[in-house]
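2 protein chains.
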Amino acid sequence: MSESTARDTDTQDTGSGQASAGRRGHLLSLPLDHAGSDREPHSYERWMVAKLMRMAGSPPLAFTLWNGDRIEPDTGSAQFTLHLEDPKALYALVANPNLAFGDLYAAGRLTVDGDLPDLMETLYRAVHQASLKWPRWLEAIWRNHNPRSTGIAEAKENIHHHYDLGNDFYRLWLDRAEMQYTCAYYERDDLTLEQAQLAKLEHVCRKLRLRPGMTVVEAGCGWGGLARYMAREHGVMVHAYNISHEQVAFAREEAKRQGLDHLITYVEDDYRNISGQYDAFVSIGMLEHVGKDHYPGLSALIKRVLRPNGTALLHSIGRNRPMLMNAWIEKRIFPGAYPPSIGEFMSICEDGDFSVLDVENLRLHYAQTLSHWMERFTAHEAEVADLYDAHFVRAWRLYLAGSMAAFRAGSLQLFQVVFTHGDNNELAPNRRHLYDTPAAPEQP
Amino acid sequence: MSESTARDTDTQDTGSGQASAGRRGHLLSLPLDHAGSDREPHSYERWMVAKLMRMAGSPPLAFTLWNGDRIEPDTGSAQFTLHLEDPKALYALVANPNLAFGDLYAAGRLTVDGDLPDLMETLYRAVHQASLKWPRWLEAIWRNHNPRSTGIAEAKENIHHHYDLGNDFYRLWLDRAEMQYTCAYYERDDLTLEQAQLAKLEHVCRKLRLRPGMTVVEAGCGWGGLARYMAREHGVMVHAYNISHEQVAFAREEAKRQGLDHLITYVEDDYRNISGQYDAFVSIGMLEHVGKDHYPGLSALIKRVLRPNGTALLHSIGRNRPMLMNAWIEKRIFPGAYPPSIGEFMSICEDGDFSVLDVENLRLHYAQTLSHWMERFTAHEAEVADLYDAHFVRAWRLYLAGSMAAFRAGSLQLFQVVFTHGDNNELAPNRRHLYDTPAAPEQP
Chain A
33 MSESTARDTD
43 TQDTGSGQAS
53 AGRRGHLLSL
63 PLDHAGSDRE
73 PHSYERWMVA
83 KLMRMAGSPP
93 LAFTLWNGDR
103 IEPDTGSAQF
113 TLHLEDPKAL
123 YALVANPNLA
133 FGDLYAAGRL
143 TVDGDLPDLM
153 ETLYRAVHQA
163 SLKWPRWLEA
173 IWRNHNPRST
183 GIAEAKENIH
193 HHYDLGNDFY
203 RLWLDRAEMQ
213 YTCAYYERDD
223 LTLEQAQLAK
233 LEHVCRKLRL
243 RPGMTVVEAG
253 CGWGGLARYM
263 AREHGVMVHA
273 YNISHEQVAF
283 AREEAKRQGL
293 DHLITYVEDD
303 YRNISGQYDA
313 FVSIGMLEHV
323 GKDHYPGLSA
333 LIKRVLRPNG
343 TALLHSIGRN
353 RPMLMNAWIE
363 KRIFPGAYPP
373 SIGEFMSICE
383 DGDFSVLDVE
393 NLRLHYAQTL
403 SHWMERFTAH
413 EAEVADLYDA
423 HFVRAWRLYL
433 AGSMAAFRAG
443 SLQLFQVVFT
453 HGDNNELAPN
463 RRHLYDTPAA
473 PEQP
Chain B
33 MSESTARDTD
43 TQDTGSGQAS
53 AGRRGHLLSL
63 PLDHAGSDRE
73 PHSYERWMVA
83 KLMRMAGSPP
93 LAFTLWNGDR
103 IEPDTGSAQF
113 TLHLEDPKAL
123 YALVANPNLA
133 FGDLYAAGRL
143 TVDGDLPDLM
153 ETLYRAVHQA
163 SLKWPRWLEA
173 IWRNHNPRST
183 GIAEAKENIH
193 HHYDLGNDFY
203 RLWLDRAEMQ
213 YTCAYYERDD
223 LTLEQAQLAK
233 LEHVCRKLRL
243 RPGMTVVEAG
253 CGWGGLARYM
263 AREHGVMVHA
273 YNISHEQVAF
283 AREEAKRQGL
293 DHLITYVEDD
303 YRNISGQYDA
313 FVSIGMLEHV
323 GKDHYPGLSA
333 LIKRVLRPNG
343 TALLHSIGRN
353 RPMLMNAWIE
363 KRIFPGAYPP
373 SIGEFMSICE
383 DGDFSVLDVE
393 NLRLHYAQTL
403 SHWMERFTAH
413 EAEVADLYDA
423 HFVRAWRLYL
433 AGSMAAFRAG
443 SLQLFQVVFT
453 HGDNNELAPN
463 RRHLYDTPAA
473 PEQP
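These protein sequences, in sequence, are chains A and B.
If you read the first sequence in my numbering, its first letter stands for residue 33, the second for the next number, and so on.
If you read the second sequence in my numbering, its first letter stands for residue 33, the second for the next number, and so on.
Next comes chain A alone, as it looks inside the complex (with noise of 0.2 Å):
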């Protein structure tokens, strides 16, 4: 979809928005208003944008006005347009940019001439290189928001206000083989994304080492495709817990379906419940809904339901040093969300004495993931729009235009860490079984 259809379906959703806000929770805010974008600007706000850009570290892009008066950037040509439709866009945006950037292009009060993903990306690259500069104070603001809670009652209502939006909505754009809303792994660059996901699948129990009859627990199982790839290509016994009543309901059956119930038992509860003794322990896309906070429980609980030799894997999304969560990506898209740093990653093995086996990064498999989501997702945005609305169709677009240039321009990494007890001498010789034969299944 062209940004010039983007900007033809905003006009249609005026008034639209303030409906449909009960029904999503906190997702919208800032709906349209137009009051005053029949006036000239003053020349106070041609200098706000000017002093917000460099602010930004000058980006490559111009602004164009709620009147049409366009101001270019300090340096160089612009590759990119913004266009504030109306002098309230303005201020909400230099009130708190990181925020209300992603609330005004959902409104469609901001709109963008150029390749989202790639304005993004030149964003966030300017952005991290004028922060290196920055006084203190201007870091705070920028970066200043209160993430959710996620307790046990609180991480009930974060799941359930993203991962239940309905199956229907994800079976658009995700992949066809196993539903995995995670980083694939594309071990060669021209693999499908149904390939790259069963790959990732593949990768992941061979670091699991697992072999028939082994027990595995998985914390925060999504649609449970890893529980029923374990099942079915390396003969386990899975434990998966998930606390999305949809996303659990949807993995019980299609496990039925494939005739893998006697392996698999899909648990509605919170990994915090998980109890028993496993020969390993997974959780793939998780440990961005834990919170800081409760990392030493889950280190603890590792610690407790993982046998003496067992082998335990956490991938998730994480960053190179502490950083809070994009404002409106916690806000909207994923409340509670929080990447950790590689650091507070580790914090996490050394508080339960575990030993760090192996550590790799799939960032820009992550880019490339979401690069073949984004294709999917924008040929379905007549549907998606169906589901829900125009609004919910922009910040969508945004999020995931927003996510992957974050992992092009390194402010989002991909950790996939192995560890296990510190005493355990059963320990793999090396990696090479990690690449003996390809992970991905031959047939796109």
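It is worth saying that the hints were derived from the structure and are not from the lab.
The reader is advised that the hints may include incorrect statements.
You can't tell identical chains apart in this list, so a pair holds if it fits in one copy or across any two.
As the list claims (entries may be wrong) - No farther apart than 30 Å at their CA atoms in a straight line, the calculated lysine-lysine pairs in the DSSO-like style are these:
(1) K165 - K335
(2) K335 - K324
(3) K188 - K288
(4) K165 - K324
(5) K188 - K335
(6) K188 - K324
(7) K83 - K120
(8) K165 - K83
(9) K165 - K120
Position chain B against the provided structure of chain A, taking the given hints into account.
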């Protein structure tokens, strides 16, 4: 050499310890002191032994005292026997078990029946388990010592103490391929020490993705083997830094002999004085000597000397959680040594805003390396005694056996960490290139 032979050697050594103490700096301490070894032990001395064993987690070992009295372990039967040759040895052991064990063993005042690495592994595992339940004051007493500084002046002295012991000494028991005094890589478990050390060098080169014509800077190059391997096998130009005079002299001569001196510059200088910019930064076994306080400086240095798309690799002994170096090793063998925990290791990467690409733990490879070293060392003990004396032989026997035990028991780890600048997108697509062909040469 059997332990009974070792005890025979000890007796020839009486009094010679003092004479060589000055020559080797802090290496020597607790010289022979047999005062009181003709008297009966007091009952509270037997109680002290029992108490010490309980503090150490009740390992399956018996003590015999100077008069032949035997004290069995609380639980089960003894697998090892420790002989205390005089009453003062007991008091030293109780006052500072960690330091005195090594000093007494080296002085011949504590001797061992049973396999020394096995005994040490048993001790490490027992003490580790016990220490989880220790009160804080006991932990503090057990671990307490003040590691030496690693400032520029002190570093030179620290390194001289260990690495300038003489190339003739190290040649007796290190590999004959490239004199590697760091962990080898046993990609197959039947590799010779020479094959495994060359496999390590190749594994490191593959992780750095070396191509002919690239430039590499190496911090702490030992006898220069990695630099020669990189130049010879991968056609790169290397600047290799080391503050050990004897090692640099050896390295230069060897490079000349191999006709590689046009590709390699060995610089006798501190790593903190590295200048220029390079495609790769590598350091094998130096981080242990850098000291925690100097990690931010190392991080800033790598940031400065690594080209925008360059790759860095740090290979170092490490820990699962922060802990001081064993006091005896730090005081007598490796002044200033401190192996970082995985979290402290990652702080180097976080400080520099680096992206961690790959962490591999080669812990059991180091146990195997040490086993090979110890085999050769044991075969050459008589020559080592000729070069130094029996005290030195015992100290190094204990150091090698204790290190092997520490890697087996999980007290020490070996981390290879690969990282790059946070905004570098020229990354290897995955890690398959490390495993395409064997890293070790076929000929042993």
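For each hint, the structure was consulted:
no., hint, verdict
1, K165 - K335, "between (42 Å within a copy, 16 Å between copies)"
2, K335 - K324, "both (18 Å within a copy, 28 Å between copies)"
3, K188 - K288, "within (25 Å within a copy, 68 Å between copies)"
4, K165 - K324, "both (27 Å within a copy, 26 Å between copies)"
5, K188 - K335, "within (24 Å within a copy, 42 Å between copies)"
6, K188 - K324, "within (17 Å within a copy, 41 Å between copies)"
7, K83 - K120, "within (17 Å within a copy, 76 Å between copies)"
8, K165 - K83, "within (15 Å within a copy, 58 Å between copies)"
9, K165 - K120, "within (29 Å within a copy, 61 Å between copies)"
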